[in-house]
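Line by line, the protein sequences are chains A and B.
Counting from 1, position 321 in the first sequence corresponds to residue 321 in my numbering; the numbering is continuous, with no gaps.
Counting from 1, position 251 in the second sequence corresponds to residue 251 in my numbering; the numbering is continuous, with no gaps.
Keep in mind that the hints were calculated from the coordinates and are not lab data.
You may find that some hints are simply not true.
You can't tell identical chains apart in this list, so a pair holds if it fits in one copy or across any two.
What the hints assert, rightly or not - Only pairs whose alpha carbons sit at most 35 Å apart, straight line, appear in this in silico DSBU-like list of lysine-lysine: (1) LYS243 x LYS110; (2) LYS279 x LYS176; (3) LYS207 x LYS279; (4) LYS110 x LYS279; (5) LYS279 x LYS178; (6) LYS178 x LYS243; (7) LYS243 x LYS279; (8) LYS279 x LYS216.
Protein chains: 2
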Amino acid sequence: MSTMMRQVVLASYAKGSPVAANFRVEQAPIPTPGAGEVLVRTLWLSLDPLIRFALDEVRITGATHLHPGDVIYGGTISQVVASHHPDYAVGDYVEGRTGWREYAALDPIKADPVRGALRKLDPELAPLETALGVLGMTGQTAHACMVGIGRVAADETVVISAAGGAVGTIAGQIGKLKGARVVGIAGGADKCAAVRALGFDDCVDYKAPDFAEQLKAAVPGGIDVYVDNVGGDVTLAVMPLLKYRARMPVCGYIAYYGVGMEGPGPDHLPGFFRMIMSKGLELRGFGGQFVGGDAAIAELAVWLDSGRISYPVTVVNGLENAAATFCESFIPGNSHIGKVLVKIAAP
Amino acid sequence: MSTMMRQVVLASYAKGSPVAANFRVEQAPIPTPGAGEVLVRTLWLSLDPLIRFALDEVRITGATHLHPGDVIYGGTISQVVASHHPDYAVGDYVEGRTGWREYAALDPIKADPVRGALRKLDPELAPLETALGVLGMTGQTAHACMVGIGRVAADETVVISAAGGAVGTIAGQIGKLKGARVVGIAGGADKCAAVRALGFDDCVDYKAPDFAEQLKAAVPGGIDVYVDNVGGDVTLAVMPLLKYRARMPVCGYIAYYGVGMEGPGPDHLPGFFRMIMSKGLELRGFGGQFVGGDAAIAELAVWLDSGRISYPVTVVNGLENAAATFCESFIPGNSHIGKVLVKIAAP
Chain A
1 MSTMMRQVVL ASYAKGSPVA ANFRVEQAPI PTPGAGEVLV RTLWLSLDPL IRFALDEVRI
61 TGATHLHPGD VIYGGTISQV VASHHPDYAV GDYVEGRTGW REYAALDPIK ADPVRGALRK
121 LDPELAPLET ALGVLGMTGQ TAHACMVGIG RVAADETVVI SAAGGAVGTI AGQIGKLKGA
181 RVVGIAGGAD KCAAVRALGF DDCVDYKAPD FAEQLKAAVP GGIDVYVDNV GGDVTLAVMP
241 LLKYRARMPV CGYIAYYGVG MEGPGPDHLP GFFRMIMSKG LELRGFGGQF VGGDAAIAEL
301 AVWLDSGRIS YPVTVVNGLE NAAATFCESF IPGNSHIGKV LVKIAAP
Chain B
1 MSTMMRQVVL ASYAKGSPVA ANFRVEQAPI PTPGAGEVLV RTLWLSLDPL IRFALDEVRI
61 TGATHLHPGD VIYGGTISQV VASHHPDYAV GDYVEGRTGW REYAALDPIK ADPVRGALRK
121 LDPELAPLET ALGVLGMTGQ TAHACMVGIG RVAADETVVI SAAGGAVGTI AGQIGKLKGA
181 RVVGIAGGAD KCAAVRALGF DDCVDYKAPD FAEQLKAAVP GGIDVYVDNV GGDVTLAVMP
241 LLKYRARMPV CGYIAYYGVG MEGPGPDHLP GFFRMIMSKG LELRGFGGQF VGGDAAIAEL
301 AVWLDSGRIS YPVTVVNGLE NAAATFCESF IPGNSHIGKV LVKIAAP
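Chain A with its partners taken away, still in its complex shape:
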């Protein structure tokens, strides 16, 4: 085995949407695990838009903060190749947040300041990569937004933005299982077709010149639950269609990820307050809602195992393609469907 590996580091802080020049692939020695540590080999890397927050020069609330030269953080599926810890054996498969690199050495118990130990995976139960998607943070988010926060009920009308995305594709299928009418919003005819193929009742293209009218026609009785993954103009078009006392789980806001706390004027907060108050809307953010996450994953696993939900993925091969694919996620109307994964190595 070679003594060198590849890793992707921050080359420069991102401004607005991330670009390839913000990243650099470099060679580094494969690390040596210390006492109590394990060495893991990365098999799959998850490309989550949330990583964008770590690339800002100025740190705002909560986000992980990287500096130039730091390895990009990110969720992974790995295999233990050396172990100095009694609970982790060579050959074990684990999910963690070991970053954009081919190998990592770390204390498996204190692997992540937020999520704790490396999670061991049983490859017999489900394909390994589902631990990053439908049976991981993505699935938990979709479940929390539809069930926990959205409280979606039969015969209600649900609208989901970024419906073709990792969270949106799962959230919409949960909505159908709950008996709701589910309308997606996505960019472009191909993506809308893919969304409809997942069982959504309808999908509206936000790039259409008459998007607002199409959306209105797609929800003739108004909207009970709006699962928002984007913010921005799409959300401003949705809000007038919300019913009184509608619920709005805020699960993401990709339109603002490169913006910081303030965007160019005008200020849309006055109208936002007006809608919230006059309609008695309920908004809740997904952050800090991980309580109950294991139960959510258990329910999703049953649905997945019985074929009641499908699991769309977009897979690219090789760490060298991670940065370009990540950047593409921020381009409206990109071709990604579902969870975006990088295959780093075979088990």
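Please arrange chain B on chain A, whose structure you already have, making use of the hints.
Relative to the frame of chain A, chain B by itself:
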């Protein structure tokens, strides 16, 4: 009795904060009640900031819409002086939304498209004017925000903006009854002193140059519930101090009442979404939350009767002073404390 009365009509649509020139006092014949109608004489008039929405030239969601020459709408306490309806007798006291005029003739059952019939009042149970405040819409709003939406619990920290206002003064006292630590935000030292005198644990002056620091020092453990009556810069200063999963009842947003849907830039919505999502905040608007309102008023009546809450009011005399006093409500740091009422006539 004279055959003429005074009423206040819209002279011109308001732009931004309302000004005296938007209103005109005029003489009109005292109306004659038709079949099934009653003639009521106005005793008290309620000056609610929400009326501002009716004065816009362009109608946005939901608001009552007035045109130049229309009588200004508003909540009133009146006495029946002539009746062609079997359920309403001469001498009865009623609460309704009969507007800024000395007399009104109307069908007492269909008095208000939203709230229905004129509500009969028993002057033995509580002072008549409480039906416009603590035992009326103001009290319902404060109760809904603190109990229904805010779910304020013992030992939690509550911050209330416009703490010296009609809703804020009642909301803060409810918070104290629930065992919470209650911190008000108000404009000026006198108003802050009045807020503290109501039992608030602290009150921070938003006009102070070091307001943000003072507020932070007043809530060392962070904020569990923020009852927002203002929006704008005050709210933007509060949000970084909210705890994870804090509740934020949106009960008003006087900073935006003259703004319409968009204010001058920058756009604060990106930061707002970031706070909502990263902290898992729960925002709910008060609109459409009137369900359970009678139970709220019953509880407030018990508290009022047993002296556990007080009922601050600012009273001006005479319909001719209504417009100037209403306009003053929109000037930050005005001297109003509690519910603002105009005394039109004695019973």
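Identical-chain pair category, LYS243 with LYS110, by Cα at 35 Å: The answer is between: 25 Å across copies meets 35 Å, while 45 Å in one copy does not.
Intra/inter-copy verdict for LYS178 and LYS243 if alpha-carbon distance must be at most 35 Å: both (19 Å within a copy, 32 Å between copies)
Homo-oligomer pair classification [LYS176, LYS279; C-alpha up to 35 Å]: Both. Shortest intra-copy (26 Å) and inter-copy (28 Å) distances satisfy the 35 Å Cα cut-off.
Same-copy or cross-copy closeness of LYS110 to LYS279 [CA-CA at most 35 Å]: Answer is between: at 23 Å across copies they meet the 35 Å cutoff, but 45 Å inside does not.
Intra- versus inter-copy proximity for LYS279 and LYS207 (alpha-carbon distance at most 35 Å): both (27 Å within a copy, 31 Å between copies)
Within, between, both or neither: LYS279, LYS178 at alpha-carbon 35 Å: Classified as both; 25 Å inside a copy, 27 Å across copies.
Copy assignment of LYS279 with LYS216, given that the CA separation must stay at most 35 Å: So LYS279 and LYS216 pass the 35 Å test inside a copy (17 Å) and across (31 Å) alike.
Status of LYS279 relative to LYS243 across identical chains (alpha carbons, at most 35 Å): both (7 Å within a copy, 25 Å between copies)
The structure is consistent with each of the numbered hints, conforming to all of them.
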